[in-house]
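**Q** Sequence:
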Amino acid sequence: MVDASFLSWPFFEARHRQFAEGLRDWTAREVHSLVEHHDVDASCRNLVRSLGEGGWLKAVVPQAYGGLSPTFDVRTLCLARETLAYQDGLADFAFAMQGLGTGPITLFGSEALKERYLPPVARGEAIAAFALSEPEAGSDVAAMSTTATPDGPDHVRLDGVKTWISNGGIADHYVVFARSGEAPGAKGLSAYVVDAQNPGLMIENRIDVIAPHPLATLRFEGCRVPLSQRVGGPGEGFRVAMATLDVFRSTVGAAALGLARRALDEALQHASSRKLFGAPLGELQLTQASLADMATGVDSASLLVYRAAWTKDQGAERVTREAAMAKMHATEEAQRVIDRAVQIFGGLGVTKGVKVEELYREIRALRIYEGATEVQKIVIARELLKMHAQQSKH
Numbered sequence: 001m002v003d004a005s006f007l008s009w010p011f012f013e014a015r016h017r018q019f020a021e022g023l024r025d026w027t028a029r030e031v032h033s034l035v036e037h038h039d040v041d042a043s044c045r046n047l048v049r050s051l052g053e054g055g056w057l058k059a060v061v062p063q064a065y066g067g068l069s070p071t072f073d074v075r076t077l078c079l080a081r082e083t084l085a086y087q088d089g090l091a092d093f094a095f096a097m098q099g100l101g102t103g104p105i106t107l108f109g110s111e112a113l114k115e116r117y118l119p120p121v122a123r124g125e126a127i128a129a130f131a132l133s134e135p136e137a138g139s140d141v142a143a144m145s146t147t148a149t150p151d152g153p154d155h156v157r158l159d160g161v162k163t164w165i166s167n168g169g170i171a172d173h174y175v176v177f178a179r180s181g182e183a184p185g186a187k188g189l190s191a192y193v194v195d196a197q198n199p200g201l202m203i204e205n206r207i208d209v210i211a212p213h214p215l216a217t218l219r220f221e222g223c224r225v226p227l228s229q230r231v232g233g234p235g236e237g238f239r240v241a242m243a244t245l246d247v248f249r250s251t252v253g254a255a256a257l258g259l260a261r262r263a264l265d266e267a268l269q270h271a272s273s274r275k276l277f278g279a280p281l282g283e284l285q286l287t288q289a290s291l292a293d294m295a296t297g298v299d300s301a302s303l304l305v306y307r308a309a310w311t312k313d314q315g316a317e318r319v320t321r322e323a324a325m326a327k328m329h330a331t332e333e334a335q336r337v338i339d340r341a342v343q344i345f346g347g348l349g350v351t352k353g354v355k356v357e358e359l360y361r362e363i364r365a366l367r368i369y370e371g372a373t374e375v376q377k378i379v380i381a382r383e384l385l386k387m388h389a390q391q392s393k394h
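Our numbering puts the first residue of the sequence shown at 1, with every later residue one more than the last.
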């Protein structure tokens with residue numbers, strides 16, 4: 001039984017509660033039949049199509065292009081990811097990448113790019129991807145080496161390698177970040193929308209991870225892209241990437257929260273039904289202590305996630321500190337909650353096919369992608385020091 005009492009918190013409006021309740025009913029009814037974990041490509045295609053048909057992908061696109069809200073409503077995005085992750089990690093992945101893969105277009109794209117790429121994504125007819133990471137440039141975006149070289153008056157040529165690209169190999173388009181050279185470091189990057197069939201774009205290899213998702217390494221060799229496909233201005237790629245991540249980073253925490261809530265529910269069910277020494281496992285004080293810690297961890301993560309989302313929705317230009325805190329705490333706390341659930345299950349907890357074992361594999365990557373925990377600590381500290389310096393001047 002899903003505990004939805006948090007929806008009564010003042011962070012939410014009636015429309016958020018209605019959205020969450022509708023999606024929860026849909027996921028319980030539909031997701032199981034759409035997911036075949038032995039074929040993640042087919043599963044993701046099925047999920048994207050069905051999420052689109054159900055109208056749920058409207059949450060990742062502005063109203064003017066077939067979406068739900070005038071602009072991103074981060075609370076809705078977080079509720080969607082939490083609800084989907086509770087049911088299945090791959091369902092959350094399919095939803096999230098539709099948003100991340102079009103976020104730069106929504107925030108910075110030309111009218112022509114928005115009209116071309118956003119409506120099919122909202123309908124579940126096209127799959128999106130976000131290509132930022134490289135073999136030697138993950139968290140350090142300024143170290144990017146993929147280049148965008150002028151090729152005639154109206155084109156650039158992309159050359160380089162991107163890796164850990166979610167939806168790599170199944171996406172219909174990629175938002176690709178490359179060094180365009182307007183200035184050194186982070187100020188010399190630009191972003192481009194590259195169609196999957198564009199000559200010069202190759203899927204170099206697929207990447208297998210402990211919780212299967214479509215991941216790939218992309219290679220660009222003389223990949224000619226029209227300048228009209230650039231997202232934002234020349235040299236604005238870092239700004240485009242950071243603004244997009246600023247919106248979606250707290251939603252990673254929401255996905256972790258969904259996994260943690262499911263682990264707590266599974267642990268409660270097992271502790272109530274499993275007999276040990278002639279009584280339910282839940283009557284043991286050490287089990288009760290674990291359950292108490294798990295519930296407190298879930299609530300603390302939830303408060304940080306929805307504070308960040310609410311703050312952004314109130315019009316804050318940036319929520320760098322709040323989103324970093326939410327992402328860091330929620331993913332780390334979810335790892336602890338799920339680990340305790342596995343321990344409560346005992347040998348069953350590490351048995352393939354048991355839900356808590358699946359959750360254990362699913363949570364691990366969330367502590368790394370979109371900025372590892374260690375990077376989030378640096379971001380938080382820098383924001384605090386910046387704030388302190390500004391206050392000291394007054």
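These aren't lab readings, by the way, just hints derived from the structure by calculation.
Take these hints with a grain of salt, some might be off.
Said to hold, decoys possible - Straight-line C-alpha distance at most 30 angstroms; calculated BS3-like pairs for lysine-lysine: (1) Lys187 with Lys377; (2) Lys187 with Lys386; (3) Lys187 with Lys114; (4) Lys352 with Lys187; (5) Lys355 with Lys275; (6) Lys58 with Lys114; (7) Lys275 with Lys352; (8) Lys377 with Lys393.
What the hints assert, rightly or not - Here are the in silico distance ranges between beta carbons for each label pair: (9) Lys355 with Glu21: 20 to 26 angstroms; (10) Ile203 with Gln314: 37 to 43 angstroms; (11) Gly152 with Gly233: 15 to 21 angstroms; (12) Gly55 with Met202: 34 to 40 angstroms.
Built from N, CA and C at the ideal position, the CB exists for glycine as well.
**Q** Taking the numbered hints from earlier one at a time, note which ones the structure violates and give those numbers from smallest to largest.
**A** 4
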